[in-house]
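Enquirer: Sequence:
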Amino acid sequence: MIDIRDKKQLRQYFSAVRKAEKTFEKDDAIAKRLLSEKLIKDADVILIYASFGSEINTWDIAERLYESNAVLAYPLCGDNSEMTFHIVSSASQLTVSNNGKFGIREPDISLPSPVLTERSVCILPGLAFTETGGRLGYGGGFYDRFLAANVKIHKIALSYEKLVVPKLPVLPHDIRTDLIVTEERTVLCNAE
Numbered sequence: 075m076i077d078i079r080d081k082k083q084l085r086q087y088f089s090a091v092r093k094a095e096k097t098f099e100k101d102d103a104i105a106k107r108l109l110s111e112k113l114i115k116d117a118d119v120i121l122i123y124a125s126f127g128s129e130i131n132t133w134d135i136a137e138r139l140y141e142s143n144a145v146l147a148y149p150l151c152g153d154n155s156e157m158t159f160h161i162v163s164s165a166s167q168l169t170v171s172n173n174g175k176f177g178i179r180e181p182d183i184s185l186p187s188p189v190l191t192e193r194s195v196c197i198l199p200g201l202a203f204t205e206t207g208g209r210l211g212y213g214g215g216f217y218d219r220f221l222a223a224n225v226k227i228h229k230i231a232l233s234y235e236k237l238v239v240p241k242l243p244v245l246p247h248d249i250r251t252d253l254i255v256t257e258e259r260t261v262l263c264n265a266e
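In our numbering, the protein residues as written are 75 to 266.
It should be emphasised that the hints constitute simulated quantities derived from the structure, not laboratory data. Do not take every clue at face value.
Said to hold, decoys possible - Computed list of lysine to aspartate or glutamate pairs in DMTMM-like fashion (alpha-carbon distance at most 25 Å, straight line):
id: 1; residue 1: K112; residue 2: E137
id: 2; residue 1: K100; residue 2: E205
id: 3; residue 1: K100; residue 2: E235
id: 4; residue 1: K81; residue 2: E111
id: 5; residue 1: K100; residue 2: E258
id: 6; residue 1: K96; residue 2: E129
id: 7; residue 1: K226; residue 2: D252
Just so we're clear, the structure is a prediction, and the values are computed from it rather than from any experiment.
Assemble the whole structure, with the sequences as input and the hints as a guide.
Expert: Take a look at the structure:
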């Protein structure tokens with residue numbers, strides 16, 4: 075039995091579920107559903123993460139967004155759990171640096187940062203979510219700190235349906251997502 079309060083145990087469990095759920099068909103269905111969203115079509119800039127491991131494939135999503143001339147920015151994680159985003163015109167501008175967290179491909183700090191507005195969208199990574207927008211991330215706090223400082227941007231999480239669960243240990247400082255896109259549906263979160 076998993077202790078719902080033990081985030082480390084939950085992360086291990088949901089990571090295994092996500093790995094078992096990962097298929098090209100599910101990732102493609104999520105991509106198609108995401109790309110049909112009005113928030114994505116109307117966005118002035120889309121903050122997107124460089125997927126790795128069993129995460130939902132954002133590389134195909136990015137390619138489709140580049141084809142529609144979208145402006146994409148990727149995160150660069152620094153010391154003290156700080157994160158900045160930098161505009162990238164091609165995935166070839168992302169590299170794994172010596173400082174890169176977890177071996178994730180990141181942009182160079184010299185690339186410009188986007189101006190964020192109420193039309194900006196942030197696509198969030200995570201291990202599990204609740205229908206009210208609760209999110210179990212990886213524990214670094216990068217996104218929570220960034221989003222707390224940028225409250226006007228829209229937050230969209232990508233998830234497999236089996237990772238949308240009734241309850242997670244969400245703390246007051248944990249930032250909730252506005253929308254969850256799965257292979258089966260789009261959940262408009264009524265974040266409390």
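Enquirer: Determine which of the earlier numbered hints do not hold for this structure and return their numbers in increasing order.
Expert: Structure breaks hint 4 only.
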